[in-house]
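Top to bottom, those sequences are chains A and B.
Counting from 0, one number per residue, gives the positions in the first sequence under numbering that gives the first Met the number 0.
Counting from 0, one number per residue, gives the positions in the second sequence under numbering that gives the first Met the number 0.
None of these hints come from the bench; they were simulated from the model.
It is possible that some hints are incorrect.
Chain copies aren't distinguished; within one or between two, either way the pair holds.
Straight-line distance between alpha carbons at most 27 Å, and here's what the computed DSS-like set of lysine-lysine pairs gives [unchecked claim]:
hint, residue 1, residue 2
1, Lys215, Lys39
2, Lys219, Lys42
3, Lys42, Lys75
4, Lys191, Lys230
5, Lys130, Lys219
6, Lys134, Lys98
7, Lys134, Lys220
8, Lys199, Lys141
9, Lys141, Lys215
10, Lys42, Lys98
11, Lys199, Lys112
12, Lys220, Lys112
13, Lys224, Lys130
14, Lys134, Lys215
15, Lys28, Lys112
16, Lys44, Lys112
17, Lys42, Lys130
18, Lys220, Lys230
19, Lys215, Lys137
20, Lys97, Lys137
21, Lys149, Lys191
22, Lys39, Lys28
23, Lys97, Lys75
24, Lys224, Lys97
25, Lys199, Lys215
26, Lys215, Lys191
27, Lys112, Lys191
28, Lys220, Lys75
29, Lys215, Lys112
30, Lys149, Lys42
Remember, it's a predicted structure, so these values are computed and weren't measured experimentally.
These are the residues of each chain, in order.
There are 2 protein chains.
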Amino acid sequence: MISVVILGAGNIATHLFNVFEQSDHIHVKQWYNRTIDHLKHYKNKVDITDDLSTLEEADLYIIAVSDDAVARVSTKLPFENRLVVHTSGTVNIHDLDKKNRRGVFYPLQSFSKAAPIDFANVPICIEALDKTDFKTLKYLAKTIGSPSYKINTDQRRSLHLAAVFVNNFTNQLYRIAHEITESQGVEFDVLKPLILETAKKVQDLSPYMAQTGPAKRNDKKTLKKHLDLLKNEHHRAVYELLTQSIQNTHGRKKL
Amino acid sequence: MISVVILGAGNIATHLFNVFEQSDHIHVKQWYNRTIDHLKHYKNKVDITDDLSTLEEADLYIIAVSDDAVARVSTKLPFENRLVVHTSGTVNIHDLDKKNRRGVFYPLQSFSKAAPIDFANVPICIEALDKTDFKTLKYLAKTIGSPSYKINTDQRRSLHLAAVFVNNFTNQLYRIAHEITESQGVEFDVLKPLILETAKKVQDLSPYMAQTGPAKRNDKKTLKKHLDLLKNEHHRAVYELLTQSIQNTHGRKKL
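Please take these sequences and the hints and turn them into a complete structure.
Written out as structure tokens, the structure reads:
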């Protein structure tokens, strides 16, 4: 049994609380937030507090607050030599106050407040300065059914950046596709199976091997037809840059 | 029972043959290809030919050849007033020779030769000049378990273009993410659940509603950190353009 105190009331904190609560091997001793109102809904399930000086002793403190607030909260903790981790993709492990044993427990997934999360699909990036602490965090990930990876601060930052490409930027390409189809009165639904298939394909194949299409083939006729069709100047800029990107990767000349 | 002749031996032709063969309601009468060698593997399953003058009578002729060859093949067909369709995303329905009844049966999905296809996940874009022919094509799609949509030539071209954004360009973003993680010695595997989740999210939510991240929030600190991390000039150009694109969509100022 591992005892945990959660600090923060955002998406990650809430999803962690929910998954921890389902486990027989994890006991959430206390849940802290600066504004206790956000925790009121949970007051019958867990001891809630907005006062750091009342924090109870636990095996692990998880600071799941905004990136900017991580260091400040860690400094205010009224104890020493306990295991304190944050959940951020970008904050350095050394930004945590060194009076405690430090670590990172970064779940790399897109969390929305409403939808329930299957933690089997949430890779946890773990970092710790101490071997025993690393094992504790690895055990925690295993207990909630998540795959875990040993990732240092530089690597974690790269992952956070790469996540913007595969999540936010990819979603923006979906948005542009939506704009293109909508302008012709076509349902976006027609594209949904292809969107899913494209994501599934790289689960087993590298993106390099999975690539197809006119840019890779350097099919100039189709590339020209597409550019002629694109009336939106901004869509055209995206088309040109990503076509060039594919051709750089696959050794074709510039557009 | 609907009788079909397939012309061409590429990915689409082969996948259509395989799915037609499994149906009790479709009979593939003949399979034509200019180079008969590519069909030899199937000679015990279907009548194969490389001679257009020997084509048998059938309810439907499916021209699944390269875009450039569609019109030429349709002109060479030695009969009139039969239903002839092509399977291309970009070829005009009127490019088919008008001596026959014309239509389009365009499966919008990413086909690779090796992997088997579940046609339940292949939307078919249907166009026909005649109502009865349209119904025949709709019935064919239903018989192989595919959803179908009535899509005219202009709409089909938009879909073909939009498909490049959600398939080839999205895959290139995966590739860039792979390059970023690889440069730090991180396994690309860590990103795979996020890739899948991003695609799943827009199955129920519009891409507009699904967007999150530093660009949408206009989180300048994170945007700057990311740009500093990006040593590859080309990656930086993609980051800047797609950040701007998100901010255009969500009403933020330029980077």
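*At most 27 Å between C-alpha atoms: does Lys220 with Lys112 qualify within a copy, between copies, both, or neither?*
Answer is between; shortest inter-copy Cα gap is 24 Å, intra-copy 46 Å.
*Should Lys199 paired with Lys141 be assigned to within, between, both, or neither, using CA atoms and 27 Å as the limit?*
For Lys199 and Lys141, the Cα distance is within 27 Å both inside one copy (24 Å) and across copies (24 Å).
*For Lys199 vs Lys215, is the C-alpha pair at or below 27 Å within one copy, between two copies, both, or neither?*
both (20 Å within a copy, 26 Å between copies)
_One pair to classify: Lys215 and Lys112, alpha carbons no more than 27 Å apart. Within, between, both, or neither?_
For Lys215 and Lys112, only the inter-copy Cα distance (17 Å) is at most 27 Å; the intra-copy one is 39 Å.
*Checking Lys149 and Lys191: alpha-carbon separation at most 27 Å within a copy, between copies, both or neither?*
between (34 Å within a copy, 16 Å between copies)
*Using 27 Å as the alpha carbon limit, work out where Lys130 and Lys219 are close: within a copy, between copies, both or neither.*
Answer is neither: 56 Å inside a copy and 36 Å across each miss the 27 Å cutoff.
*At 27 Å max between alpha carbons, let me know whether Lys219 reaches Lys42 within a copy, between copies, both or neither.*
Neither way: Lys219 and Lys42 sit 63 Å apart in one copy and 36 Å across, limit 27 Å.
*Can you tell me if Lys220 and Lys230 fall within 27 Å by alpha carbon in one copy, between copies, both or neither?*
within (18 Å within a copy, 34 Å between copies)
*For the identical chains here, do Lys141 and Lys215 meet the 27 Å Cα criterion within one copy, between copies, both, or neither?*
Cα proximity of Lys141 and Lys215: none, with 41 Å in one copy and 33 Å across.
*How would you label the pair Lys134, Lys220 (within, between, both, or neither) given a Cα cut-off of 27 Å?*
Result: close neither inside a copy nor across copies, 57 Å intra and 33 Å inter.
*For the identical chains here, do Lys199 and Lys112 meet the 27 Å Cα criterion within one copy, between copies, both, or neither?*
both (25 Å within a copy, 16 Å between copies)
*Is the C-alpha distance from Lys215 to Lys137 at most 27 Å within one copy, between copies, in both cases, or in neither?*
neither (41 Å within a copy, 33 Å between copies)
Checked against the numbered hints given earlier, the structure breaks hints 1, 2, 5, 7, 9, 10, 13, 14, 17, 19, 30 and satisfies all the rest.
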